[in-house]
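J.: Now for the letters of each chain:
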Amino acid sequence: MMETIGYVFPNDLHITWSLMIVIYPYITGLVAGAFVVSSFYHVFGIRQLRPVARFSLIASLAFLLVATWPLLNHLGHPLKGVNVILTPLFESAMAGFGFLYTGYLFILLLEVWLVFRKDIIVYAKRTRGWRQRFYRILSLGVYDISEEALQTDRKVTTFLAAIGIPSALMLHGYVGFLFGGIKANPYWSNPLMPIIFIFSAVVSGIAAIIILYQVIMKLKGFVIDRACIDTLCAWLWLFLIVTVSLELLAEISLAYAKAEDWEIVHQLLQGPLKFSYLGLQMVMGALVPFILLGFIVLMKRSMGDKVTNTLSFTAAGLLLIQVFSMRWNVVIGGQMISKSLSGLRELYVPGMFEKEGVVAAALIMVVPFIILLLAEKFFPMFKFSEEQTREFQDSSAPGD
Amino acid sequence: MKTANRRHFLKSFLGLAATAISTAVISVIPGFARRCQAVTAAAPARDLAGYNSRRHLYSYIIDLHKCIGCGSCVQACNRENDVPPDFFRTWVERYQSGPGSEKAHIDSPDGSLYGFPAATAGVTGVTKAYFVPKMCNQCSEPPCVQVCPFGASYKSPDGVMLVDRDRCMGCGYCVQACPYAARWINPLTHVADKCTWCYHRISKGLQPACVLACPTLTRRLGDLRDPYDPINKTLEEERMGVLQPHLLTKPKCYYIGLDKEIR
Chain C
1 MMETIGYVFP NDLHITWSLM IVIYPYITGL VAGAFVVSSF YHVFGIRQLR
51 PVARFSLIAS LAFLLVATWP LLNHLGHPLK GVNVILTPLF ESAMAGFGFL
101 YTGYLFILLL EVWLVFRKDI IVYAKRTRGW RQRFYRILSL GVYDISEEAL
151 QTDRKVTTFL AAIGIPSALM LHGYVGFLFG GIKANPYWSN PLMPIIFIFS
201 AVVSGIAAII ILYQVIMKLK GFVIDRACID TLCAWLWLFL IVTVSLELLA
251 EISLAYAKAE DWEIVHQLLQ GPLKFSYLGL QMVMGALVPF ILLGFIVLMK
301 RSMGDKVTNT LSFTAAGLLL IQVFSMRWNV VIGGQMISKS LSGLRELYVP
351 GMFEKEGVVA AALIMVVPFI ILLLAEKFFP MFKFSEEQTR EFQDSSAPGD
Chain E
1 MKTANRRHFL KSFLGLAATA ISTAVISVIP GFARRCQAVT AAAPARDLAG
51 YNSRRHLYSY IIDLHKCIGC GSCVQACNRE NDVPPDFFRT WVERYQSGPG
101 SEKAHIDSPD GSLYGFPAAT AGVTGVTKAY FVPKMCNQCS EPPCVQVCPF
151 GASYKSPDGV MLVDRDRCMG CGYCVQACPY AARWINPLTH VADKCTWCYH
201 RISKGLQPAC VLACPTLTRR LGDLRDPYDP INKTLEEERM GVLQPHLLTK
251 PKCYYIGLDK EIR
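As given, the protein sequences belong to chains C and E, one line each in that order.
Quick note, in this note's numbering, the first sequence goes up one by one and the last residue is 400.
Quick note, in this note's numbering, the second sequence goes up one by one and the last residue is 263.
These are calculated hints, taken from the structure and not from any lab test.
There could be a bad hint or two in this list.
One side only, chain C facing chain E, incomplete, derived with CB under 10 Å [to be verified]:
#1 83
#2 88
#3 272
All C-beta atoms, glycine included, are put in the ideal place defined by N, C-alpha and C.
Whenever a hint applies, use it, and build me the whole structure from the sequences.
T.: Structure follows, in structure tokens:
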């Protein structure tokens with residue numbers, strides 16, 4: 001017998017949207033966030049982010065390629081899912097998915113191709129056998145790498161990155177809108193929802209890049225660029241502050257207005273979601289990284305590289321947990337409120353091996369990293385870091 | 001040489017694309033044809049065995065003064081529509097309050113499939129108690145239909161919300177959008193399921209199972225387009241309310257004797 005608080009409508013005892021619908025916005029958030037990092041360099045000319053600019057672009061693509069997987073695994077009839085693209089009915093917010101997804105995928109693929117075009121052509125000339133054929137196909141038959149052509153590439157890249165930002169944010173803001181537009185659910189129905197989703201997406205993207213960059217540099221034995229980490233941390237701090245302020249504002253305005261919805265939402269936040277909302281989303285995932293990143297940003301002159309790396313790694317890790325718990329609290333927490341508004345369902349715990357369980361989620365989350373590994377095999381993304389390391393070794397060698 | 005290479009590449013690329021597209025089209029067409037049939041079968045705009053959905057507009061009245069909470073309607077519905085256990089196309093709630101109780105105590109054990117136990121722990125000195133049957137409100141502005149991305153949930157011309165089982169992909173968005181918790185994903189068919197006012201019966205001129213099973217005439221279904229249907233007189237003369245009117249979903253399920261706590 002299920003433990004409930006108050007009265008729950010009989011059909012509300014079931015959780016319709018499972019762990020899969022938690023990781024779906026998490027993945028699209030990483031897509032948008034990683035793209036924003038790469039655009040910091042490509043559009044806004046933040047030179048310090050050069051070491052991660054190419055990598056974050058590919059990371060965005062890697063996450064985008066698996067973004068639909070949790071959805072397909074969730075659907076009762078995944079093959080019918082194609083109807084969203086073939087015969088959409090635009091009265092529904094969900095019908096926008098096909099356009100937003102394919103539009104952004106197209107922009108991203110084109111940008112990746114332009115950024116890596118020179119490399120592809122060089123490899124197509126240098127390699128032999130099937131590898132050469134592979135690079136030749138990717139070159140699309142264009143072998144012009146004159147300075148003039150590359151200049152055009154850069155111009156188009158900047159343009160694509162610029163229109164890519166709204167596309168990426170729309171793709172993710174749309175996910176927030178799916179929840180924010182449901183007037184039946186007091187915890188979801190909130191015009192701030194898409195905005196919160198977008199900002200927290202950028203937080204998760206920057207945090208993921210900080211962690212992956214440091215791990216990859218360690219594995220490859222390259223130097224971690226201090227200016228790059230400092231810049232990423234500063235942006236992460238800013239986006240963290242905006243995100244958490246908005247998240248708090250959403251609840252504070254509900255509480256202050258003494259809205260009918262607040263009567264049940266506060267029971268949820270102070271009851272079953274106490275740990276994941278107050279503990280993870282607000283204190284451990286927001287307050288602690290806020291302090292850690294504050295140290296890095298305000299005291300960067302007096303802080304050693306090792307300390308900076310450790311602190312930023314910890315803060316970024318906590319923020320990845322913060323964003324995940326935010327997704328969890330919205331998707332699962334929202335469904336725990338019965339539409340009777342006078343009761344809460346018991347906490348949903350996903351099974352380990354069920355179709356939409358923990359193992360399935362973990363498997364899906366691993367795939368982007370496999371894609372990144374493969375991508376690194378064919379298109380080395382850290383050539384700039386390699387050069388930096390060589391320069392660093394050359395300059396420090398005579399002194400030793 | 002360069003141009004020849006490019007031409008060769010483009011040729012093979014176009015060939016590949018053509019194959020992919022034709023495969024996609026061939027695999028989609030049978031499904032599409034089936035879907036067209038399904039739509040006409042489920043929502044017959046023209047005569048289907050003498051039934052014309054445009055000539056009817058249904059409405060439902062529930063008189064809360066009459067309900068005794070026996071659960072016959074729930075049983076009849078489950079049997080008529082093969083409702084799987086723990087899911088409900090209709091259910092009955094009980095509201096109990098006494099002097100000084102801030103909020104009514106609400107319960108609906110097993111959706112009242114077996115009626116209600118005589119006493120509920122924690123409620124003493126009950127001065128007000130009543131039963132409330134619930135079901136799909138067949139809203140005129142249905143949020144469930146609005147959110148369905150490709151019309152698998154749709155409004156029939158006679159005002160009944162239906163689900164095209166051949167088309168629904170089971171995303172559950174309509175389940176989230178319904179403010180009355182009247183929808184659910186059927187664990188056997190993996191598509192959205194809900195009360196249809198027994199569409200298979202009313203389209204033959206019969207009454208829904210719940211209406212027939214009710215021993216106290218709490219539930220009534222009527223046709224607004226039929227001037228001789230007594231429901232028109234009741235709607236004109238009686239005071240009644242709808243559930244959650246602030247959401248502006250405009251339900252076609254009207255309640256006589258509604259109380260403030262009923263949502």
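J.: Hints first: check each against the structure and report whether it holds.
T.: Each hint tested on the structure:
1. For residue 83 of chain C, the interface hint holds, the least distance from its beta-carbon to any beta-carbon of chain E being 5 Å, beneath 10 Å.
2. This hint holds: residue 88 of chain C has a C-beta 6 Å from the nearest C-beta of chain E, less than the 10 Å allowed.
3. Look at residue 272 of chain C: its Cβ only gets to about 19 Å from chain E, farther than 10 Å, so that hint breaks.
In this structure, the one hint that does not hold is number 3.
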